[in-house]
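Novice: Letter by letter, the chains look like this.
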Amino acid sequence: MKRFIMAAAVLAIGTFAVTAQGSDPIAARKESMKAVGQQTGLGARMARGQAAFDLTQARAIFAAYEQAAATYANLFPEGSQTGGETAALPAIWANRAAFTAAVAKWGADARTEGAKVTDLATFQAAFGEVTKNCGSCHETYRARRN
Amino acid sequence: MIRRLLVLVAVLGVVAGAAFWWLTMPQRLAPAALAGPAPNVENGKLVFAAGGCASCHVTEGQPDRTRMGGGHGLKSPFGTFYAPNISPHPERGIGRWSEADFANAMLKGVSPAGEHYYPAFPYTSYQRMTVSDVRDLFAYMKTLPADATANRPHDLPFPFTVRRGLGLWKLAFLDGEPFRPDPSKPAAWNRGAYLVEGPGHCAECHSPRAFTGAITADRRFAGGPNPEGAGWVPNITPHRDGIASWSADDIASFLADGFTPGGDSTGGAMASVIRNTSQLSEADRAAMAAYLKALPAREGRAPPRR
Numbered sequence: 242m243k244r245f246i247m248a249a250a251v252l253a254i255g256t257f258a259v260t261a262q263g264s265d266p267i268a269a270r271k272e273s274m275k276a277v278g279q280q281t282g283l284g285a286r287m288a289r290g291q292a293a294f295d296l297t298q299a300r301a302i303f304a305a306y307e308q309a310a311a312t313y314a315n316l317f318p319e320g321s322q323t324g325g326e327t328a329a330l331p332a333i334w335a336n337r338a339a340f341t342a343a344v345a346k347w348g349a350d351a352r353t354e355g356a357k358v359t360d361l362a363t364f365q366a367a368f369g370e371v372t373k374n375c376g377s378c379h380e381t382y383r384a385r386r387n
Numbered sequence: 227m228i229r230r231l232l233v234l235v236a237v238l239g240v241v242a243g244a245a246f247w248w249l250t251m252p253q254r255l256a257p258a259a260l261a262g263p264a265p266n267v268e269n270g271k272l273v274f275a276a277g278g279c280a281s282c283h284v285t286e287g288q289p290d291r292t293r294m295g296g297g298h299g300l301k302s303p304f305g306t307f308y309a310p311n312i313s314p315h316p317e318r319g320i321g322r323w324s325e326a327d328f329a330n331a332m333l334k335g336v337s338p339a340g341e342h343y344y345p346a347f348p349y350t351s352y353q354r355m356t357v358s359d360v361r362d363l364f365a366y367m368k369t370l371p372a373d374a375t376a377n378r379p380h381d382l383p384f385p386f387t388v389r390r391g392l393g394l395w396k397l398a399f400l401d402g403e404p405f406r407p408d409p410s411k412p413a414a415w416n417r418g419a420y421l422v423e424g425p426g427h428c429a430e431c432h433s434p435r436a437f438t439g440a441i442t443a444d445r446r447f448a449g450g451p452n453p454e455g456a457g458w459v460p461n462i463t464p465h466r467d468g469i470a471s472w473s474a475d476d477i478a479s480f481l482a483d484g485f486t487p488g489g490d491s492t493g494g495a496m497a498s499v500i501r502n503t504s505q506l507s508e509a510d511r512a513a514m515a516a517y518l519k520a521l522p523a524r525e526g527r528a529p530p531r532r
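Chain order of the listed sequences is H and R.
Sequential numbering of the first sequence, starting at 242, is according to the working numbering.
Sequential numbering of the second sequence, starting at 227, is according to the working numbering.
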């Protein structure tokens, strides 16, 4: 029984990993950005003073960014330029190195800036700095939606 | 008989030509309209941000948003317009312009040489601006660095190359009306209406256009396909297709930091717009939000699902 559960778990994780990275990179990158967006929503509310500042929460935001940035650029393989209502622009594939570097910079900024956070003021500064990466990437590599 | 007919055709041709000439004559401001106290450069800086000048006119390929050498290409169904140099460079920019030249460009869409500008330069919105804001803006722009970038000609097919023809377009679509406050509405709404409809020129991107290139009035602010390429310009009316679920505070905060209530960070051309609106005062952003929240809800085409 134990073995069966283990096998099922491995199979489930394996299937997830395949879905996430192999067969459907478009769904995987949307999922990744959705999670990032949830964190950013929390962060924006704290930074704006619409929600109370929470240090643990604040640090989790930067950790989530760093984690997402570690794999995000891999989710745009050749052949995933279209389909699934993707908003990814051809600029990603045309400027592959620049795109990968931009994602890496986001992760690196999340690490360095996140380490400076001790209170609301330091959070606002760090969050503002790291999220500059959001706008600059969306400006160049994502089709207009908002 | 034939000769008579030819004479008639010739006469009709001359009459039509004269009518065209007369109808398409560039209209200028009366010189007295520009009277007033010394311009306020500080306010001019805010008008510059509210007007989004840098978004189109910044020198291509470099990040300094005070260098107004131009070169950005604005794609449209008519062709591609290239933003000109509006830095104080004497030959390449507008360094030799008088205040009247500048005001006629902003409020009448007429160049110092008396030619019509294409409405890719959004004077359809800028015409609502106060003369005093326009004078302040000009005073501020004179303090910016001169940039020697040469103007790139627009990439347009005939007949759109005939600027004189724009006189007819203006007759149909440029009403020449300044912004008129509505005394029955709160001061913040009026300030917001001025910023959104005038310098902010929000409707220019956030509205669908008819084949004439004019905004479809009953769909104003209801968004539509991106005329510049891939993607979508969102509906910014309080309709469920648009921003009905956003509070006024959500809108004002978005104009400051670019985050949607859902935690998305805006992209495309709006990322650049946020760099402008983030320079405004909190009160001005709140005023813009109040005006947008009070717009009639208009249906847009539902945006594609994420």
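To be clear, the hints were calculated from the coordinates, so they are not data collected in a lab.
Some hints could be false.
[As the list claims (entries may be wrong)] Short derived list, chain H residues pointing at chain R, Cβ under 7 Å:
(1) 276
(2) 278
(3) 282
(4) 292
(5) 297
(6) 298
(7) 337
(8) 375
(9) 380
(10) 383
(11) 384
(12) 385
A quick note: this is a predicted structure, and the numbers were derived from the prediction, not measured.
Glycine included, C-beta positions come from ideal geometry on N, C-alpha and C.
Novice: All the hints need checking, so say for each whether the structure fits it.
Specialist: Hint check:
Restraint check, residue 276(H) versus chain R: the minimum CB separation of about 10 Å is more than 7 Å; hint violated. The interface hint given for residue 278(H) is met, as the beta carbon of that residue sits about 4 Å from the closest beta carbon of chain R, less than 7 Å. With a cut of 7 Å, the hint placing residue 282(H) at the interface with chain R holds, because the nearest CB-to-CB distance is about 3 Å. Below 7 Å, beta-carbon pairs count as interface contacts, and residue 292(H) has none with chain R, the closest being about 12 Å; its hint is therefore violated.
Look at residue 297(H): its Cβ only gets to about 18 Å from chain R, farther than 7 Å, so that hint breaks. The closest approach between the C-beta of residue 298(H) and any C-beta of chain R is roughly 13 Å, which is over the 7 Å cut-off, so the hint fails. Interface restraint check: residue 337(H) against chain R, minimum CB-CB distance 19 Å, threshold 7 Å, status violated. A cut of 7 Å between beta carbons decides the hint on residue 375(H): the least distance to chain R is about 3 Å, and the hint holds.
Given the 7 Å rule on beta carbons, the hint for residue 380(H) holds: about 4 Å separates it from the nearest Cβ of chain R. Checking residue 383(H) against chain R by beta carbon gives a least distance of about 4 Å; that is within 7 Å, so the hint holds. With a cut of 7 Å, the hint placing residue 384(H) at the interface with chain R holds, because the nearest CB-to-CB distance is about 3 Å. Given hint, residue 385(H) at the interface with chain R, holds; its Cβ is 3 Å from that chain's nearest Cβ, closer than 7 Å.
This entry does not satisfy hints 1, 4, 5, 6 and 7, going by the numbered hints stated previously.
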